[in-house]
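Engineer: What follows is the residue order along each chain.
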Amino acid sequence: MNGLRIERRGAPSAALVWGVSLGAVAVAMLGTGLLFAAFGVAPLEAARVIVERTILDARGASEVVRRAIPLMLAGVGLTLAFRARFWNIGAEGQLLIGAVAAAGVALFVDLPGVLTIPAMFVVGFLAAAAWGLGPALLKVRLGVNEIITTLMLNYVAIYLVRWLVNGPWKGSSLSGFAYSDRFDAAAILPTIGTTRLHWPTLVLAVLAAVAVAWLLARTRFGFEVRMMGESPEAARYAGVDFFRTTLILVLVSAGAAGLAGVGEVAGIHHRLVDPGSLSIGYGYTAIIVALLARRNALAALVTALFLGWVAASGDVMQVALRLPSQITGVVQGLVLLCIIAAEPILEYRLVRAPRRAATPPDAAGPEAT
Amino acid sequence: MPPSSGPQARPPLLELRGVTKRFPGVVANDAVDLRVRRGEVHALLGENGAGKTTLVHMLYGLQAPDEGALLMDGEPLALRSPRDAKAAGIGLVAQHFHLARRHTVAENLALALPDTPAWFPTRHLARRVDALAERYGFEVDLRARVATLSPGERQRVEILKALLQGAEALILDEPTSVLTPQEAHRLFDVLGRMKQEGRGVILISHKLDEVLAVADRVTVLRGGRVVAQVDATDTDAADLARHMVGREVRRGREAAPRPAGDVRLSVRDLHVGDAAGEPRLRGVHLEVRAGEIVGVAGVAGNGQAELTQVLTGLRTPTAGRIELDGADVAGEGVRDLFARGVVHIPEDRNDMGVAGGMKVAENLVLRRHRQAPFAKGRMVDWRAVDAHAEGAIRDYAIATPSRDAVTRNLSGGNVQKVILARELGGETGLVVASHPSYGLDVAATELTHDLLREQRDGGAAVLLVSEDLDELLDLADRIVVLFRGEVTGVVDAATATREAIGLLMAGDRTPLGGAPDAPSATANDPANDPANDPANDPAAGAGAE
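Top line first, the protein sequences correspond to chains A and C. Here this note's numbering is used: position 184 in the first sequence is 187, and no number is missing along the way. Here this note's numbering is used: position 268 in the second sequence is 806, and no number is missing along the way.
Note that these hints are calculated values from the structure, not bench results. Just so it is clear, CB atoms sit at the ideal spot from N, CA and C, and this is done for glycine as well. Check each hint, because a few of them may be wrong.
Some, not all, of what chain C presents toward chain A, calculated at C-beta under 7 Å [stated by the list, open to error]:
1. L670
2. A893
3. M896
4. M917
Computed far set for chain A versus chain C, every beta-carbon distance over 10 Å [said to hold, decoys possible]:
5. A18
6. V117
7. I151
8. K173
9. R185
10. L205
11. L250
12. G284
Under the rule of at most 20 Å between Cα atoms (straight-line distance), these lysine to aspartate or glutamate pairs were calculated in the DMTMM-like manner [unchecked claim]:
13. K914/C <-> E350/A
14. K897/C <-> E350/A
15. K897/C <-> E236/A
16. K745/C <-> E984/C
In isolation and in its complexed conformation, chain A is listed as follows (with noise of 0.2 Å):
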């Protein structure tokens, strides 16, 4: 019988692993426009409605731009924590801290001007690092899986953002509504325009992105970071002290979701809001974002341009089109599920198989050697 055989291929092309991501997505995007159909919106009719609102329009294109800003800094952040096989699942956990500590400064701690700012972007870091410094710990001294921890401490993070604004830091000026107190000016980020594209966070993100693929590709710790991705056992005989390292690129990672929680209260909202209204799952698509870019820095800055359209888009789909809020969470589930579904193909190739073989896997293929 001729048939078909898997066979593992060897490093995939730059080019199989670009037109493979873009296939995913093409057929993610494909699956949406079946699901607008299911809700009885012409897909072809949404698409140019969604590229018109979005992509078209000078403002709907900022709005894409300050979605991407919070994807672009956790998302870089969780490429280093990813190239290590750290699986950082708390990015959300370690935007809102951010967020806290950021609105911590902004609202009572007294500094010049000029200071206020750049002191919300270190505390916020710092904040979101510590909070990173748990998980890390204990899988490095323990073996406690991170995928656990870090994904429980999201839930402590949205719970204590929750309490401050509903107790000790509700506003004074806003009764009923569980915000804080509105940022002095000087706690508030510069934006391009009547747009929300806070510029000072999104160029933080773009440094960050170049700092992290700088880190990985020129310097010994990143070296030593791609050894332990690479192979465990081989980082072990290098001498590569994991402890060390684990807790350096866990606090970059984590400090760098920090960041984008800053973003979010001194360039959005300007006060610490309900976590629900502080960030959109920003921190779970971020997850997508350093996968979909391969777990490399700079294209996750591409990668989070793109969810970031896939986010402003979910405004205009409800705003223009009626759809429920969920659409967008559904959409992103897509894109991912598609991402992972095509792994295979960058890692096996079919090809014919031997005439009348019948071949198990271990005992396919010529003599190896």
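Assemble chain C onto chain A, guided by the hints.
Structural biologist: Just chain C, lined up with the frame of chain A:
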């Protein structure tokens, strides 16, 4: 020999006629002719990539030839699957056993038989197995779980399986790689009995001495072609090696040019426990001098892995002293020891020796990236890394498409060359080499051995852990034998016999006059492991067989 009824007149048991098998870009077998007669052990020799495995796959129905014919007892044979092969009377004992580890021997045998009843599958087995076991001198506990069996015992189960399936021609793929010399002898006795019964055996091996001792005929494959087909009595090891490699191969001992120097490594009363706290090394004493190769022999799992891990800093000893040039280094990590010149050719070359997904150039500096010229402060100087890679690829003849190729895609021999180039390319004080030639072909093995000798001659102390006794006898000056975490003896490699080492490997100290080896006898010796298994087995094995 009567001309009419002689073996020449009868068709051979198994015959390949002009068999060719092509894969994209390579001719794996090129017009191969092979005749295996009844009552014959036919050895198939060849380097990695010579086409042995493809040939076996075709004989066992895993692949179909593109051209040529397969005949059994003169009848053409079309094998579409291993099932057909088994039905035709062809059995295979693969290198990696195909047994369900959690199941008993009886269950595994029942699984392999076509006429096993659906209910109580193992009930009718005992009688058949007993008869076979008696005929071949097997001892098999049908109720034992496969996981608890030694490699030798598992192999006997595989052979039993093939015999129960009615194998007239049995193919054995590298059968002795997991056995002690004594176990290998028992295997050869079994093969002898199969010969007497008129069955045929195809023995795939790269151990030349073994082939010469057991086989009647030898076929040598190189590059997919048969390059020699000779009677075992008409050839010798050097001749066969030349056919395999296609050129003259040096074999045998080569003494060091000058006597060994000062003690470089001194291990005193070393104890190591595993993760569960079970002792893995129990009071080991060991010395390696500069300019000397000390071999460590033992059946797998007797503490060799733990010894190399402790010496290279991958594991912390529970007690004892490790001195390097007089300094106590016990408990130091990989990094410190590497900086002291302790290099390591690890047993697990694909997962530990290299990071498979990284570039060849990166793997060539995997442990040296903290040293000049590769480190520039906290940066890596990639230009120096690349320049070094170009040099190493040239000097060690590493076959790779480029220095940027993914290391995982290299062949085993070339991965080992990457490791050798990295570990031996710098300053070395102590070389710890663990199974350095395992799975390598003759040429790569030769290179590995040359490099280790070079290290010795250059004044390094070399500790060579191997399960290949020929390798140890060829290379080492002294051989330390480990059994259950203890040193059962130290022998001079120039005068030691394989048999003596084999007994020591099984924990029997009679080769040393029965007296326990003075320094390694420890107080906890009798306290451990009540006689539950192999302890008394080897003595019986050696006496009886």
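Engineer: Mind listing which of the numbered hints don't hold for this structure, in increasing order?
Structural biologist: 1 and 13
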